[in-house]
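Each chain, letter by letter, is given below.
Number of protein chains: 2
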Amino acid sequence: MPSTSSSHKIDVRKERSGLILLKFGGSVITFKEKPLSPNMECINHLSRIIASIDKPLIIVHGGGSFGHYWSVKYEMHTKPARYDLKGVSVVHESMIALNELLVKGLIESGAKPYSVMPSVFMHGLEPIVKRIEELEAIAVGGAVPVTFGDIVHVAEQNYSILSGDALMTILAEALLPSKVIFLVNVDGLYGDVGTQNIIREINYETYKSATFSKTTLDVTGGMNRKIEEGLKIAASGIDVVLVNGLKPQRVLNAINGCDFEGTLIRHEERRG
Amino acid sequence: MPSTSSSHKIDVRKERSGLILLKFGGSVITFKEKPLSPNMECINHLSRIIASIDKPLIIVHGGGSFGHYWSVKYEMHTKPARYDLKGVSVVHESMIALNELLVKGLIESGAKPYSVMPSVFMHGLEPIVKRIEELEAIAVGGAVPVTFGDIVHVAEQNYSILSGDALMTILAEALLPSKVIFLVNVDGLYGDVGTQNIIREINYETYKSATFSKTTLDVTGGMNRKIEEGLKIAASGIDVVLVNGLKPQRVLNAINGCDFEGTLIRHEERRG
Chain E
58 MPSTSSSHKI DVRKERSGLI LLKFGGSVIT FKEKPLSPNM ECINHLSRII
108 ASIDKPLIIV HGGGSFGHYW SVKYEMHTKP ARYDLKGVSV VHESMIALNE
158 LLVKGLIESG AKPYSVMPSV FMHGLEPIVK RIEELEAIAV GGAVPVTFGD
208 IVHVAEQNYS ILSGDALMTI LAEALLPSKV IFLVNVDGLY GDVGTQNIIR
258 EINYETYKSA TFSKTTLDVT GGMNRKIEEG LKIAASGIDV VLVNGLKPQR
308 VLNAINGCDF EGTLIRHEER RG
Chain W
58 MPSTSSSHKI DVRKERSGLI LLKFGGSVIT FKEKPLSPNM ECINHLSRII
108 ASIDKPLIIV HGGGSFGHYW SVKYEMHTKP ARYDLKGVSV VHESMIALNE
158 LLVKGLIESG AKPYSVMPSV FMHGLEPIVK RIEELEAIAV GGAVPVTFGD
208 IVHVAEQNYS ILSGDALMTI LAEALLPSKV IFLVNVDGLY GDVGTQNIIR
258 EINYETYKSA TFSKTTLDVT GGMNRKIEEG LKIAASGIDV VLVNGLKPQR
308 VLNAINGCDF EGTLIRHEER RG
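Heads up: the protein sequence lines correspond to chains E and W, in order.
The opening residue of the first sequence carries number 58 in my numbering; numbering runs sequentially from there.
The opening residue of the second sequence carries number 58 in my numbering; numbering runs sequentially from there.
There's no promise every hint is true.
Given that identical chains are not distinguished, each listed pair holds provided it fits within a single copy or across any two copies.
To be verified - Think about it this way: if two alpha-carbon atoms lie no more than 30 angstroms apart in a straight line, the pair counts; the simulated DSSO-like pairs of lysine-lysine are:
1) K136 to K187
2) K112 to K136
3) K169 to K143
4) K161 to K91
5) K304 to K143
6) K304 to K169
7) K130 to K169
8) K112 to K143
9) K112 to K130
10) K136 to K169
Simulated from the structure, these hints should not be mistaken for laboratory data.
Isolated chain E (complex conformation) (with noise of 0.2 angstroms):
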C-alpha cells in the first residue's frame, strides 16, 4: 500500500557523473490556458535555483501554451505523418521561442544554459548516442543543456512530434543520471479520486494495481503520460521524483537530496 506522509529522501543509486535530468514542464514555464504566454515569475524563480546549483544538469522543457497549443490546432502527433508544413513551420518556431525565453531567464540569472533543439542528439524519432553523451560533456564542462519537445523531420515530408517526457526516458536511459526530476504544477501523485494527499513513494507494482486520479490527457503531457515515462525510467534503475515546480523551494531540496514534497518512483532494481 502506498503510503502517503508527505516527505522522504532520495536514494543516491548512481554517482556516475553525479548528472541530474530535470524536465521544465510546459504547465510549469507557461500558462497553459492562454496561448502563448510563458509562465516569467516561475521561469525566473527556476533559473535562479539553476543558477546556484553546482552539478552537472540537463533540462528538457515541454511545450505548454507554446508548442502544445500549435500542435493541437494543427492536429499533429508523436507519430510520423506528412503533416501541414504550415504547421510544422509553426509548431517548430513556437517551441524556439519558448525555449529562446528560458535560456534567456537562465542567463539572467547567472546559469550557462547551452540551447540543443532534439534533432541535435535524434534522427527522427531515433537517438543518437554519440550525440546524447556529448550533452553530458557540456554539462560536466559547466553549461547546461537545454532541449526540448519539438517537430522534428523524419523522412522526406514526414515530420512527428517528439515529446519532452519521451526525450526524458531516452536520454535517462542513455546517460544514467544520478536523479530524474518531473517539474509539474500539482504536488505530485494524487491518490484515489477525492483525496487532496499526494502518494509518497509508488513503483511499477503498486502502480498497476491501485486506481489513482488521472487529469486530462493531453497529446504529449499529463500526469498519466509523466508516471509512464517514469516507470521506464525507474526501470532501468533510477529513482524518479515528480514535484511541483511552482514551488521552487521543493525543487532545490529535491536537487540538493534533501526531504521534499513530491512522490517518488522507486527504481527497480537492473537486470543482468
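Since chain E is already given, all that's left is putting chain W on it; use the hints.
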C-alpha cells in the same frame, strides 16, 4: 580584365535538384552599428520573396549585431578554445533570437521555414554528410531549412565560432546546389579603391591578380571573406553570386535566373 557592365545571367550549371543556397548576411538582416537590432523591414521584404519561390531553398544567415556583436565582446574566434561559458551562452542565445525573428517573418509571409541549428549537421567543426543531405530532403519536401553561424561545442570545455560563410562552403560542397547566392549590404564587389563600379564577374585568376577595395574585416564576415568562400565554392563547379540584399528585386532576379545587378564568381570546371 574583369568586365564592369552592370548585369548578367547566371549559367545554369547543375540541375541536380534545382536547389538554391542563400546566405542572408548579418549586415542585411541586422543594423550592424546598433547592438541587437534586427532590420525588420529587410527581413519582411526578403521573407515575401522567399515565400514566392517555388524551388528547393536552404537559407544560412549571419550574426550581424546579434551574435557577431557578442562574439567580439567576448573575444571569441573561429578556432576551438575554452571560451568564457557566459560568452558561449550569450552568443548562442543571441543567434537563436535572431534566427527566431527571421523565421517568424518568413512564416508571416507564407513561407515554410524550418530552423536548424548548425550542430544538427555538424559535429563540432566537422560536417555530418548524412544530416546535410537531410537538409536537402527537407527543402525538396517543401519546407525551407534556415541555419546560421553559431558557437558550437567541439569537445569537453572547448567551443568554437562557426561562421555562416564557412557553412555556405560546407553545404555547397556537400550538396552541389544549382545556385549559391550571398546577400550583402553593398551592390557587389567594388573595383579599385575609389571606383563606384562593381565588378561584373571574377574568377580565381582575376581576383588574385587585381587590387580590390576591401571593407573592414570583422571576425567572420567582410567582403574579403565572402569572396574567398565564394571562390572555394566556385572551385566545386558552381557559379556564386553576390547581390545587394537591401535591393529585393535584385535578389528575386538572381534567384529566378534573370538578369540582375551584382557580382558573379564564375565557377571553375571541376577536375576529375
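Against the structure, the hints:
{"no.": "1", "hint": "K136 to K187", "result": "both (24 angstroms within a copy, 22 angstroms between copies)"}
{"no.": "2", "hint": "K112 to K136", "result": "between (35 angstroms within a copy, 28 angstroms between copies)"}
{"no.": "3", "hint": "K169 to K143", "result": "between (33 angstroms within a copy, 6 angstroms between copies)"}
{"no.": "4", "hint": "K161 to K91", "result": "both (21 angstroms within a copy, 20 angstroms between copies)"}
{"no.": "5", "hint": "K304 to K143", "result": "between (37 angstroms within a copy, 27 angstroms between copies)"}
{"no.": "6", "hint": "K304 to K169", "result": "within (23 angstroms within a copy, 39 angstroms between copies)"}
{"no.": "7", "hint": "K130 to K169", "result": "between (34 angstroms within a copy, 17 angstroms between copies)"}
{"no.": "8", "hint": "K112 to K143", "result": "between (40 angstroms within a copy, 17 angstroms between copies)"}
{"no.": "9", "hint": "K112 to K130", "result": "between (39 angstroms within a copy, 28 angstroms between copies)"}
{"no.": "10", "hint": "K136 to K169", "result": "between (33 angstroms within a copy, 21 angstroms between copies)"}
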